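*Asks:* Okay, here's what each chain looks like letter by letter:
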Amino acid sequence: MTEVTVELKIEDGLAVITLARPNNMNAVNLNACESFCKVARTVSQNETVRAVLIRAEGKAFCVGGDVMEMSSITADRGSHVHKMATAIHEGMLYLKKVRGLIISEVQGVVAGAGIGLAIFADIVLLSEKASFSLAYTAIGLSPDGGATWLLPRLVGMRRAQTLLYENRKLSAQEAVDWGLATRVIPHDELEDHALTTAKKMAGGPGDAFSRTRGMLDCSLQNDFEQHLSLEADNIAALAASQDGREGLNAFLEKRRANFKGSF
Amino acid sequence: MTEVTVELKIEDGLAVITLARPNNMNAVNLNACESFCKVARTVSQNETVRAVLIRAEGKAFCVGGDVMEMSSITADRGSHVHKMATAIHEGMLYLKKVRGLIISEVQGVVAGAGIGLAIFADIVLLSEKASFSLAYTAIGLSPDGGATWLLPRLVGMRRAQTLLYENRKLSAQEAVDWGLATRVIPHDELEDHALTTAKKMAGGPGDAFSRTRGMLDCSLQNDFEQHLSLEADNIAALAASQDGREGLNAFLEKRRANFKGSF
Amino acid sequence: MTEVTVELKIEDGLAVITLARPNNMNAVNLNACESFCKVARTVSQNETVRAVLIRAEGKAFCVGGDVMEMSSITADRGSHVHKMATAIHEGMLYLKKVRGLIISEVQGVVAGAGIGLAIFADIVLLSEKASFSLAYTAIGLSPDGGATWLLPRLVGMRRAQTLLYENRKLSAQEAVDWGLATRVIPHDELEDHALTTAKKMAGGPGDAFSRTRGMLDCSLQNDFEQHLSLEADNIAALAASQDGREGLNAFLEKRRANFKGSF
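Chains as they are written, first to last, in the working numbering: chain A, 2 to 264; chain B, 2 to 264; chain C, 2 to 264.
Just chain A, with the same shape it has in the complex (with noise of 0.2 Å):
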């Protein structure tokens, strides 16, 4: 029986997604890597889904690529290597398509590929026991992941270069005050804050959310003029949307507005 890596619920418009390898600290092998792969792509294509909650059993959150795993395979380790990140990229890009925004829960030690998962979220939450350790540069490679992405869109260039060349860790504040995460939130209360959050942002105006990310993945590779015009047609759209009437119609009737999520 294959093992059972990463697990998916979907409930009331919220998949949650469970790294399930706790025993090996979530170190996702070239099987975990397919499983997250096929979970998102599940998710991407369920339309009741408005929000994405990426958890882990455990301790660790995730420490990356399964270095047992990847030693055992002599020989072409450069093709098994390129089908495990290929597999992560691929589930990352499924989720993007959601229609809502993307949680994770950041309950301990995070490294390698583990990264990526982490922060490509749009919320990310840390227990004040996560800690962040690149590391691949320590073992001869260079990153997976989109971290040579996203650090240097999230703590800019130089403490990305710190980060990937000496391996500096960071523990959970200084993973905030860096901008590499959200908030700290206390141990005990993490996980039901997670939730909380990823409920409410479920019950969020999910095609708002989307355009908006959609324009923040974009932002720095458009100049001024392009981006303006394409805030514009997302603004117009919005607006003669049935979340962006009920929106409105909510805050001059100031009440709170019962958004669905839809086009």
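What the hints contain is simulated information worked out from the structure, not anything from laboratory work.
There's no promise every hint is true.
Derived pair list, reagent style DSBU-like, types lysine-lysine, alpha-carbon separation capped at 35 Å [said to hold, decoys possible]:
| id | chain 1 | residue 1 | chain 2 | residue 2 |
| --- | --- | --- | --- | --- |
| 1 | C | Lys98 | C | Lys255 |
| 2 | A | Lys97 | B | Lys97 |
| 3 | A | Lys98 | B | Lys84 |
| 4 | C | Lys84 | A | Lys170 |
| 5 | A | Lys97 | B | Lys84 |
| 6 | B | Lys170 | A | Lys200 |
| 7 | C | Lys10 | A | Lys130 |
In this text the structure is predicted, and so the values were computed from the model without any measurement.
Got chain A; can you put chains B and C on it based on the hints?
*Replies:* Below, chains B and C alone, put in the same frame as chain A:
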């Protein structure tokens, strides 16, 4: 008679643009958006202008689009909002053409599209009474006014997400600490400080300022080699210009430079 | 006899480049710019080089272009300045090709083009006596040396504007707090610390370092999908390389890796 919603005064090379709907907290209706655009075009076409100061009357700087007007448009609200955003955007692009710096004087609350008008400036001066609230997703919309282009450049991606998805409100001091604004000035001194700064910049090397702004605006989209080539062309052109010669002479003669801002 | 303005020593995989016009505060005249470019080309063509240390003689690191020389060129100053900037820029691009990290040791004042030479490095080490002053617009010029490419990536757009338009001077500690530099080292220990760091990096996984730098340098221009694909290709190539195998083996054997830096 049409309401005057945006005022313009040009004097001694300084264009002062004033948002003038204080009884509506300077919310911009379609008329105000179009007036801003018209005023900005006038400024961009006036070759004597060497600095622009954007300010506002009353207690609020600008609370964004006029939601009362928006809610009154029921037939083709998308098209109406598109016109509003496009007028503001064209105005911002006109001001970017000015051969000199753009300074904003933010004396109070800023929300929605007001954010763009405040923070697209080259120097952003705040009263301690200024505060920032994006508020778009709270009413089911995505940003306009350049917020999704500007925020990642100014405060990094994580803080941009916090401002846009959770509508975190920022105080004046937080806005400076995060990199959204340049500095906080005591409320009673802000008007004088802003005018003095704008006049000083109007006496600066306008072409050097504009070429520098142009390079900052395309910095993130360029690769290093392309960008270095652009820098070499610009510094060479300036070194041969009237202002470049005057700057060097004044430096060697240990006197204050008398810049003309000209090509 | 031509003045020696830039010195080069290559030993044990470490190239040390020294700015050597201490009596001119290491201002770069055309000869120094061209010497830097020539030295950088030599370094880039030497396959034994696995790290570069950029340092300077005397009290100043580099105060930028030699204004005395610039003022003496009256006939075709634009062309002269273009040659200077282009030589510096070509030198920087040569050093970016080195299969290993670039470290700068900044013991004193930095201004103008000296900024680029100090901060384009992957690790920027400062004495508490270091200070930064852009100073271009003060003499009617726009930046060269990559400042308008580097500053928005390192300190964000608002602080870049403050440094460039208002010529705000930064102390060493501020430079680190803002993300311009990596860390401050007590002045008397800087030389040892920089040499030790550079030697350590020369013993690191040069190819992994270079591929990582290449990805950081194109990070902001790429979309997420393109960049993930690049990351997968690079980590796969490194996993199959000599250094990647050694890194993994050393990790599993809990010993220090013996990297060769080779392909």
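*Asks:* Please verify whether A:Lys97 and B:Lys84 have alpha carbons no more than 35 Å apart.
*Replies:* holds, 30 Å
*Asks:* Verify the proposed pairing of B:Lys170 with A:Lys200, using a straight-line Cα cut of 35 Å.
*Replies:* holds, 22 Å
*Asks:* For the pair we were handed, C:Lys10 and A:Lys130, check the Cα-Cα distance against 35 Å.
*Replies:* violated, 46 Å
*Asks:* C:Lys98 and C:Lys255: Cα distance at most 35 Å?
*Replies:* holds, 32 Å
*Asks:* Holds or violated: A:Lys98 with B:Lys84, Cα cutoff 35 Å?
*Replies:* The given pair, whose Cα atoms are some 29 Å apart, holds under the 35 Å limit.
*Asks:* When you check the alpha-carbon spacing of C:Lys84 and A:Lys170, does it fall within 35 Å?
*Replies:* violated, 43 Å
*Asks:* With the threshold set at 35 Å, check whether the alpha-carbon distance from A:Lys97 to B:Lys97 stays at or below it.
*Replies:* holds, 33 Å
Checked against the numbered hints given earlier, this structure breaks hints 4 and 7; the rest are met.
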